[in-house]
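Undergrad: Sequence:
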Amino acid sequence: MHRIHLQSHQMESFLQSYSIPCAPFKDLLKTTNSLFTGSAALALYLQQEGIEPSFIPNNLNLLVQDTHCLFFENGHLNQKSTVMRFSTFLLSNGYNLTTKFESDQASYQTLKQIQQVLSFLHPSGTEVHLIVLIVSDLQDYMNTNFDLSACCTWYDARTDRFETADEITLNKEISILPGQHPYTDTLRTRIEKYVSRGFTLVLPASIHSQDKRLTLGKSGCPLIGIKAYDMMELEEVDAVHYLSASKKHLLIKSGQQYYAFHRTTLYDCMQLRRVIVPCSSGAFEAFETPFNQTIIHHVHRMITYEDFSLFELIFAYNVSFNNGRQKSIFSVNCYTVEGWKTNTVGAIFAPPSHMDMVLPLVVPIVNPLPSPAMALAPIFEHIPVFDEDDLELQELLLSEWRQLGLHHP
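Numbering-wise (the working numbering), the sequence shown opens with residue 1 and increments by one.
If you're looking for bench data, these hints aren't it; they were derived computationally from the structure. Take these hints with a grain of salt, some might be off.
Dumping the calculated DSBU-like pairs for lysine-lysine here, alpha-carbon to alpha-carbon at most 30 Å [what the hints assert, rightly or not]:
id: 1; residue 1: K247; residue 2: K212
id: 2; residue 1: K247; residue 2: K341
id: 3; residue 1: K247; residue 2: K26
What follows is a set of in silico ranges between Cβ atoms, one per label pair, in the way DEER data are often shown [what the hints assert, rightly or not]:
id: 4; residue 1: K247; residue 2: T31; range: 39 to 47 Å
id: 5; residue 1: D137; residue 2: Q10; range: 26 to 34 Å
id: 6; residue 1: P24; residue 2: P352; range: 40 to 48 Å
id: 7; residue 1: R325; residue 2: E163; range: 19 to 27 Å
id: 8; residue 1: E163; residue 2: E235; range: 38 to 46 Å
id: 9; residue 1: L214; residue 2: I348; range: 19 to 27 Å
Virtual Cβ for every residue (Gly too), placed ideally from N, Cα, C.
All chains, please: the whole structure from these sequences, using the hints.
TA: Dropping the structure here:
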């Protein structure tokens, strides 16, 4: 009881700062199909659990189902719609309807089934967003459409408590939710926003659906008896046992050889080995594996997610550089454990078509992640690098690109 009392006091204090009376607001949440969510709900959830949020919410977000007003036969209003009830409540407490966003408004363009977004602004500067949806199951909508785990935090009017969909929120950690494409600038900006609030992105996460590995080691599993070479421990491991030990473990097959890697360690090591490779359209970004095979940058990101457990490298072509070095470029087929058994490819990442030319070798490092893997860097072949913040070297690189008739990537 003490815990709920503490939470109720915190919520009342927060609502007072928004000039919103607590009891009527809670009553609205109880009697309508609505959810109090967003960064304000996240901050109050953390406070409820005894954790300092260390950030101030930008606004108060409300998800509501789009309902219609009901009228008597004589035309008098019988029942207000949910939108009208919340709008009337906010207007009666000093808010003004400042902006009516349509469903393609920039802040919400990645979300679906939004009818409209109403923005209410109080003279004190506080803001409430009323996000009107055409769905009835608001919690399911939140869990299946939001991008980051911490965003799936809400106030449960039945229990008078804040809840979250993923317990890692208690550790101030976030993960990318299934169904989200990890290669967009929007999601990258969103992650940076939560990192600035003291959260840590947990890897691996998932893009679509996690590989459950249900057939691993069972009858007919083609990995039974397979040995893989652990590049970090410099020893052979049993493939089935290695994958069974952790969802963060993966296998890479190149030719007849299997390699065993921890996802995050492999990601960090490849982060140190970024290259620009010429192709018919100009150039593309790629990364080298610890065993000197070059793959396109999409795979570098993909390995941090749990969707696939096995990655098969298939030779595509060689590229020569003017320092005499040569890079072997590979396509990558991605498999779940079940897909490996049935020879069903889950995703294919192929490099662009090759252009026969020689390009200066340049390997920029972009904010490499600090981790124990950094200590392993000296065991890899040394590759010259440059600092992307160095304008003089940037201009030199651009000059070389212009001389080659290529577009800057």
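Undergrad: Determine for every hint whether it applies to the structure shown.
TA: Consistency of the hints with the structure:
no.	hint	result
1	K247 - K212	holds (9 Å)
2	K247 - K341	holds (18 Å)
3	K247 - K26	violated (41 Å)
4	K247 - T31: 39 to 47 Å	holds (42 Å)
5	D137 - Q10: 26 to 34 Å	holds (28 Å)
6	P24 - P352: 40 to 48 Å	violated (60 Å)
7	R325 - E163: 19 to 27 Å	violated (55 Å)
8	E163 - E235: 38 to 46 Å	holds (45 Å)
9	L214 - I348: 19 to 27 Å	holds (23 Å)
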